[in-house]
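2 protein chains.
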Amino acid sequence: MRFEEKLKRYADLAVRAGCNLQKGQDLYLTAPICAAEFARMTVKSAYEAGARQVIVQWTDEAVTRMGYEYSPLEVYEQYPEWMAKLRNGAAEQGAAMLFIDASNPGAMAGIDPRKPAASSRASNAACKPYRDAVNQGKVAWCIIAAAAPDWAAKVFPELPADAALEQLWDCIFQAVRVDQADPNEAWETHRHNFDARRALLNKYQFTSLHYKNAHGTDITIGLPKNHNWAGGGAELADGRCFFPNMPTEEIFCSPHRDRAEGTVHSALPLNYHGNLIDDFSLTFHEGKVTDFSAAKGYDMLKELVGTDENACRLGEAALIPACSPIAQMGVLFYNTLYDENASCHFALGRGFSECVQGGASMSEEELVKAGVNASAAHVDFMLGTADLSITGITADGREIPVFVDGGWASEFQE
Amino acid sequence: MRFEEKLKRYADLAVRAGCNLQKGQDLYLTAPICAAEFARMTVKSAYEAGARQVIVQWTDEAVTRMGYEYSPLEVYEQYPEWMAKLRNGAAEQGAAMLFIDASNPGAMAGIDPRKPAASSRASNAACKPYRDAVNQGKVAWCIIAAAAPDWAAKVFPELPADAALEQLWDCIFQAVRVDQADPNEAWETHRHNFDARRALLNKYQFTSLHYKNAHGTDITIGLPKNHNWAGGGAELADGRCFFPNMPTEEIFCSPHRDRAEGTVHSALPLNYHGNLIDDFSLTFHEGKVTDFSAAKGYDMLKELVGTDENACRLGEAALIPACSPIAQMGVLFYNTLYDENASCHFALGRGFSECVQGGASMSEEELVKAGVNASAAHVDFMLGTADLSITGITADGREIPVFVDGGWASEFQE
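These protein sequence lines map, in sequence, to chains E and R. Sequential numbering of the first sequence, starting at 115, is according to the numbering used here. Sequential numbering of the second sequence, starting at 115, is according to the numbering used here.
Bear in mind the hints are in silico, worked out from the structure with no lab data behind them. Hints should not be assumed to be uniformly reliable.
Copies of the same chain are indistinguishable here, so a pair counts whether it falls within one copy or spans any two.
Below are the DSSO-like pairs computed for lysine-lysine, each with C-alpha atoms no more than 30 angstroms apart in a straight line [said to hold, decoys possible]:
| id | residue 1 | residue 2 |
| --- | --- | --- |
| 1 | Lys268 | Lys122 |
| 2 | Lys252 | Lys483 |
| 3 | Lys339 | Lys268 |
In isolation and in its complexed conformation, chain E is listed as follows:
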């Protein structure tokens, strides 16, 4: 298959399986200018799928970085009204959302972390209608990645520029299954596998999970009552399916915000706003980070944990076996969308309304009461190692192996 053909299949897949774009619907697309060729293809795919209009917001990290370097902090404390109008308006009109990521992992190295953090907070406050539409299953959204020269150079520093770019595209094509005979069918099968595993986890309704490995992780996280494991495909309130992430290999839940006890140690570096935080530990008591350390990027970690008062609590626990297709590539992508699908992870910050039953129609206050964390932050970090064990504890005190030696315990295998 020619490269352009794969690119086109990928664009079609993102618009159709990813966003489940309907005839006459609008598409809101964010795309970095360094991936313009592919972005244009997704625009074309969207129109071919019947989009009424495609609203493209181009982004450029070089410009963003200059802003962080020169603009004062107060600029980031106020979210631009027009941007809120754009995002909230698109959500209120029921537009599908496609986000193309081609970030250069080092793009924001050295910038003052208070600026992106302030920007996250401001965006969170200004775009509530947008977030509500997402949380209430009114809007289908999909994050995908596109290869770009700077990112490729970071992932494959030993290759010449062209070869690195090609290699990164190959990884992407493989991860999103566009190299398979029928990508849409491959994603349907993927969805069904997820469904079966999620159903089993949801049936158990573990009260907590105990994580342990030889790298410093020994932590028990509580799970909310009537919690719901999600992952793979997502469903809109009207029953239509979409894939919020492509690729996706994770099954995830929101831990109870008040019930984490113990220490978790990172398994991979965390790329936070373009800055690496590496070899770090977080210790929790009653759900809150009470202590933390980092061999690299301590200040960034401090900023992250302090984004707001609840960024120090967990919002997500995701299960991915160490033998997942992306893990098997053995590549460190410096990109959450990829690296999070290679390793079990937690997220600090916001939890997901879909992770408790009836959560979609709950207010933020009700969600917090149910144990789902609220925060402007949501940042994944990897903890999965080849020796990780995860044990589920049931309401009646039974201990059920969920992960053994970094992968699914036998009962959970396909």
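Given chain E's structure and the hints, the job is docking chain R onto it.
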């Protein structure tokens, strides 16, 4: 001088002489992604000049074109609220505005002209606060061009891609004087030359101008009472200077909307929304187009004249000698910013408030009463030929030569 150095001087010039950007001021920048490198330089120049923040709206003709191809007309009849918020908000905050143009002249060939026309109308209606700020001298703005591969290929079809791009940049650098020892000083001198010539024209207060050549032009246009010739630098209400166009070689006025009699024949093709209209004539009676013809692009011309009820009236008459620096390059740029500075021209549509005394503080109704046209359209077309004569008629009936054989009559020469 190295290419990058010229590019950087150009970026600095646009931000400083062009926009007269002040410390602490915001800059609103629109830039095509095909000119990303230069656009980033202008962002950098703006921050170096003290910009508080630079708001970049990237554009892409390929995406715009797909929209025109696939989206229904009704999409263009409504201006996006967020876009109005963005433009009006920037104007209300007193941001400077920099618009980078690198249009491919053929980009919109064959699209339904009703869509861009509807879009112009909708934008005009939705962005009144923005237009008011511009008309009332509250906002400094500057349009500049950047070379890009598709545009360069059209201008220099005989050259290989790289050479064409380089050649187009060279023309731009020459036209905007960045190849001179001190570009800012060169623009100051330019401004003073304009001032002297404008002062003389304004002193005469011609009641009308009679245009005549052997190519079918024989037309008399009235000038409003207390009219004001503008051009070169412009002035904000607070006295600060800026250059709305770089390059600029024209001195212009708004003809009286009700007083054009006769026929004008085009001297150059008109690139209207990416479609060429060529070898065309417009006949006026009492200020309105009563007949028109075109060897090429008749339907486009019809759409243009009919954009709204006053697009059939004149909004601008500009004087440029046939020996102007850009005319002397002998290049057809297929770009109004350049071609309009190579030839005397008229514009159909909207006139300029600055072209009558006190116009900045007049309402649209008052301007119309004073003779300045109001319309959503403003489209320049070239009429200057090497044999063009223009005669000014004074209130007491004297006939004063203004242009002879395509250039300034002796009284108006430097």
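Now for the hints, and whether the structure bears them out:
Taking CA atoms no more than 30 angstroms apart as the test, Lys268 paired with Lys122 passes in both settings, with 25 angstroms inside one copy and 28 angstroms between copies. For the homomeric pair Lys252 and Lys483, the shortest alpha-carbon distance inside one copy (23 angstroms) is at most 30 angstroms, but the shortest distance between copies (52 angstroms) is not. Proximity of Lys339 and Lys268 under a CA criterion of 30 angstroms is satisfied in neither setting, with 43 angstroms inside one chain copy and 66 angstroms between copies.
Violated hint: 3 only; the structure is consistent with all others.
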